[in-house]
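Hints in hand, dock the two standalone chains.
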Amino acid sequence: MTNSIGDIEEADCILITGSNTTSSHPLIADRVYRAKENGARVIVADPRRIHIAHIADVHVQQRLGTDVALLNGIMHVILEQGWQDQEFIAQRCEGFQALRDTVKQYPPSTVEEITGVPAQDIERIAEIYARAEAASILYCMGITQHTTGVDNVKSLANLAMLTGNLGRPGTGVNPLRGQNNVQGACDMGGLPNVFSGYQQVANSDANNKFASAWQADLPDKPGLTIPDMMAGLEDGSVQGLFVLGENPVMSDPDADHVGKALQKARFLAVQDIFLTETAQMAHVVLPGVSFAEKDGTFTNTERRVMRVRQAVDPVGDARQDWEIIQQLSNRLGYPLDYSSPQEIMQEIAGLTPSYGGITYDRLEGHGLQWPCPDSEHPGTKILHQERIARGLGLFHAVEYQPPAESVDEKYPYWLTTGRIYTHYHTGSMTRNSPTLEREAPEGWMEIHPQEAQKLGVSTNDRVRIVSRRGSVEAAAFVTEDINPGTVFISFHFAESNANILTNPATDPVAKIPEYKVCAVSLEKAA
Amino acid sequence: MEYKNILTTCTYCGCGCNFYLENLDGSLTGTIPCKTSPVNEGKLCIKGWNAHEFVQSDQRLTSPLIRREGKLVPVSWEEALDYTASELSSIRSEHGPDSLAFLASAKATNEENFLFQKFVRAGVGTNNIDHCARL
Chain A
1 MTNSIGDIEE ADCILITGSN TTSSHPLIAD RVYRAKENGA RVIVADPRRI
51 HIAHIADVHV QQRLGTDVAL LNGIMHVILE QGWQDQEFIA QRCEGFQALR
101 DTVKQYPPST VEEITGVPAQ DIERIAEIYA RAEAASILYC MGITQHTTGV
151 DNVKSLANLA MLTGNLGRPG TGVNPLRGQN NVQGACDMGG LPNVFSGYQQ
201 VANSDANNKF ASAWQADLPD KPGLTIPDMM AGLEDGSVQG LFVLGENPVM
251 SDPDADHVGK ALQKARFLAV QDIFLTETAQ MAHVVLPGVS FAEKDGTFTN
301 TERRVMRVRQ AVDPVGDARQ DWEIIQQLSN RLGYPLDYSS PQEIMQEIAG
351 LTPSYGGITY DRLEGHGLQW PCPDSEHPGT KILHQERIAR GLGLFHAVEY
401 QPPAESVDEK YPYWLTTGRI YTHYHTGSMT RNSPTLEREA PEGWMEIHPQ
451 EAQKLGVSTN DRVRIVSRRG SVEAAAFVTE DINPGTVFIS FHFAESNANI
501 LTNPATDPVA KIPEYKVCAV SLEKAA
Chain B
1001 MEYKNILTTC TYCGCGCNFY LENLDGSLTG TIPCKTSPVN EGKLCIKGWN
1051 AHEFVQSDQR LTSPLIRREG KLVPVSWEEA LDYTASELSS IRSEHGPDSL
1101 AFLASAKATN EENFLFQKFV RAGVGTNNID HCARL
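Residue numbers (the numbering used here), protein chains in the order written: chain A, 1 to 526; chain B, 1001 to 1135.
Since the hints were made in silico from the structure, they are not lab data.
For clarity, every value in this text was computed on a predicted model and none was experimentally measured.
Every residue, glycine too, gets a C-beta built ideally from N, C-alpha and C.
Check each hint, because a few of them may be wrong.
Below, in silico cross-link-like pairs of lysine-lysine (DSSO-like), each with a Cα-Cα straight-line distance of 27 Å or less [claimed, not checked]: (1) Lys381(A) with Lys1035(B); (2) Lys264(A) with Lys454(A); (3) Lys1071(B) with Lys36(A); (4) Lys36(A) with Lys260(A); (5) Lys36(A) with Lys1035(B); (6) Lys260(A) with Lys1071(B); (7) Lys524(A) with Lys511(A); (8) Lys1043(B) with Lys1004(B); (9) Lys221(A) with Lys36(A); (10) Lys154(A) with Lys511(A); (11) Lys264(A) with Lys410(A); (12) Lys104(A) with Lys36(A); (13) Lys154(A) with Lys381(A); (14) Lys511(A) with Lys454(A); (15) Lys381(A) with Lys1043(B); (16) Lys1004(B) with Lys1035(B); (17) Lys1071(B) with Lys264(A); (18) Lys264(A) with Lys221(A).
If you want a taste of the chain A side facing chain B, the calculated C-beta under 8 Å gives, among others [as the list claims (entries may be wrong)]: (19) Met229; (20) Ala231; (21) Ser375.
One chain only, chain B, in its complex shape (with noise of 0.2 Å):
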């Protein structure tokens, strides 16, 4: 058997909670907090020890979906890849790059968000993205 912890920020409120994620043999399997973590210095919420629980649930997505009649089925990542890219070329070639809009998330990483408004400013064309600050 393989046990490993390895530390991360959590995934719930503005405080960022420092945190060791546990995983045995590739389920995790519990929190542990981070004593010199600056944040939480060895504390959790109940969210925070809960942390895992939600990452391998059996409802999460785990194949891309296209709606064919109605219904949501399961495709390939090519396929959801290319129609995805061609029904947002052919909005922006029929109505212009105003026309599309994007949300960014407060949950991404930052990585993620400032690659995704690079992706929207430079690749699409257009400024329109928010995200739920407001909300």
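Bound conformation, chain A alone (with noise of 0.2 Å):
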């Protein structure tokens, strides 16, 4: 996040796209009921009329796939009238005649055409954002799911800098991270192409200071994504995969496929608490320790470090996660020998700029916002304040594409997937809490009914739907809060995994898999 989780209540204006605040992020859903509350006008983009839309001034329901031209239709209005805030594009940003050039060409009725979204509430959305004394972007994985992911994220900083929503409270651009230390892992540098603080790995002075640091040579050449290291597998060019604490055949795109990519893994080790999907495969299994069971700190959505504290003792014989690493690399001839995991903190602080002042000591009460560049430093709540973190924000045209697949005759449906209230992700958690698992036992599809009379179902009767990658099998809700023509399951569950229709296309920079769309057909099933 730009801002912080807290300064989502001093917002005048609360855009909410991609997002089921609600079930994702509760506890940010609550900032913005507060806000609501406070007088704040709140804005629904979704094509479900989720939990909070239900508070939204205007709730429009895009279809799959189109966020780029409504975004670009909300800043044709912007301009059209003069909403802009001239004096932040000509002071902080640049491009911004590129982007002026492009946005002309969507019009609302345009962008109804693409985005089934009426052109008065196109124009009304334009107008509450843009008017607002502080606007606020709240978005999630239906904004970034997308084989246009990183347009979409682009087009959502465009239309904050374009009215000059940016490095004030009650501003941003606001990505909610899902799981509890993404943005941690991202930190920490378990991505392939940069070290600690997003330092790349290509860069020779930052590939110099870590080797000096670690005494050793350091590949220079980013290594693989997750899509990568799957067709890796599957061409023999990856002989081995060790996996901490994932369970890919459950999360990845098009899962029977990620199944069969692991099979041929000559060596597959997996490290986790539970026996997941995956570790049912594996070669070896480690036996790791829970969050309650470990010293540490996790980075939440708005880079606050915050400490974990071990409040119980391992279960049997499963042991701490850093212990095993160490040991690890210990035989294959790389000694480690830290003590403790505030030892490690001490190292993470020495070589990450962003990290430099944080220490365990620091973090008591209520943790520390990164960039945190020095011991006296306080942290950083709101970022982009004086001036843009690369110079000037730099405007993108974006053109809106259509998704990588569409409906035909074959498939009519359009499918998307989600988080539901209870549980959380492929339920590894969530599903052996017996609290939550008595809420919600088994996924359903949820389906309009003009949709569900079609098809003669009704809630609870099984339907199979099957897309281009396979089929599962899931029970109806029939509800108005899905468009027609459009269907929804959540991913929790390995007995209707969405990932087995999910498509694996990819956004062409980020590599993140088009999760939010596909095309299936439906058939009750008996």
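Listed below in structure tokens is the structure:
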């Protein structure tokens, strides 16, 4: 997030898109409700009438994968009405003319045809967002999990910069990170191209700095992303895979295909807390510990580094994950000798400028938000305050492109996927929590009454959902909260695994798969 | 009987709510939301209120496992670590470090992820490390 969670309450307008905030980030939704009580206007752009849409001043249900067109339409109206922040654009941004030329091609009438959103709603959104004193954008994987994911995010940044909604309280472009420490895993260099703090492996200064600190020759060619690893397993260029606390058999698109790729691995090691679908395929399984059994830190979606503290002894013979990694490294001839997670944090701070001022002592209380470059720095609540981090904010002129897969005669329905309130990801934790499992023991498919009638199905009837990749069965849930022609299932349940259906086509830059759009056919199951 | 409360950070979504885990004689019995947390200010969602439940589940892995004749069977830590290291070593010496790939974790701590990428880049010698940020 460019801004902070508490800061959402400072907004006069909150635009939520591609985030089922109430289900996926309940305590951030809480801030939106409070802002609404204080008089903020709320705009929700989501193909489903999600819970938070019920408090929206405007809710629009764009067709799947048409976000760029919708955002260009909103910017078209803003520019036509002269509601842009000319001073902010002139002083702090570049590339404005190209953006202006592009969005000129997206009048509300054209955008209505592409997105299905009525032209007057596009005009209302433009007016509410652009004329607010402070407007905040909240988005999540409904924006990013597309073959145009990067374009979608750039379009949101365009909208914020166009109206000067950056670098002040109550503004910003705020991605809500899905996992407790996905921010931290990225910050720490759990990515093929960067060390911790996004220092490039291919940059010789950065590479030399880490090589000298770690006393090792370090490869300078960026490594493989997950989709490339799977392709490598298939063609034999990758022979061994080591998985730390992930479940790709459930979580990756086109799951049947991922399962086949993993079967080809000469060696598969999994370090986890449960015997996940992926661990079941492994040659060796190493039992690590859960959050409640370890010390360390997590970094949340607002860049706040916070302490995790051991509350209970590890179960059975499970071992601290950092010790397992260290013991493996020692056996591979690269000795590591840390005595505690705290000692590892000291090395992180020494090598990672944005974490430079972070120590366990300073994290007592409220934690610290990075960038926190030195031991006196109080942390950073709002990014891009005096200037935009890259110098000038760059407008990207982005054209709408349709999703990778479209509906046709054989697969006439759009399918989108997401999280539900009581469960989390592949369910390895929540489905092993009796209270949560009791709340929602199986997955369901949301479908509009018009379509349900055509298929002759009622709520709780079994439906077979078929895509070009595979098929699953789920119980129907008939609801007007979804557009006719579109259906939804969650991705938590191995018995009706959404990712058997999803399309592995990826965004060309971010390599993020298009989980949120694919074409399916439906039939009533026997 | 011994009862303790330990302040920590939730393991589910990216909000990062703070709560106390209740430990009664070594069993986790509940969570108590932290009122002074700048994130959740004393509230929790249904997942947070029940975040202690899976920790001591009888489905947890309690011993290293190695596949023998198609089945995963319990083994000692020594054996599991030796086997893992020797498989990684032999693939590396036959096909080079880039024939190995590693998935880091959005569930693991900063310290674990940092150490893991250090192990992968410096210890194994490849940049083939990624995690589910895209997923």
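Here's how the hints hold up against the structure:
no. : hint                       : verdict
1   : Lys381(A) with Lys1035(B)  : holds, 20 Å
2   : Lys264(A) with Lys454(A)   : violated, 43 Å
3   : Lys1071(B) with Lys36(A)   : violated, 56 Å
4   : Lys36(A) with Lys260(A)    : violated, 48 Å
5   : Lys36(A) with Lys1035(B)   : holds, 22 Å
6   : Lys260(A) with Lys1071(B)  : holds, 18 Å
7   : Lys524(A) with Lys511(A)   : violated, 35 Å
8   : Lys1043(B) with Lys1004(B) : holds, 20 Å
9   : Lys221(A) with Lys36(A)    : violated, 49 Å
10  : Lys154(A) with Lys511(A)   : holds, 15 Å
11  : Lys264(A) with Lys410(A)   : violated, 32 Å
12  : Lys104(A) with Lys36(A)    : violated, 32 Å
13  : Lys154(A) with Lys381(A)   : holds, 22 Å
14  : Lys511(A) with Lys454(A)   : violated, 37 Å
15  : Lys381(A) with Lys1043(B)  : holds, 21 Å
16  : Lys1004(B) with Lys1035(B) : holds, 18 Å
17  : Lys1071(B) with Lys264(A)  : holds, 17 Å
18  : Lys264(A) with Lys221(A)   : holds, 25 Å
19  : Met229                     : holds, 4 Å
20  : Ala231                     : violated, 11 Å
21  : Ser375                     : violated, 18 Å
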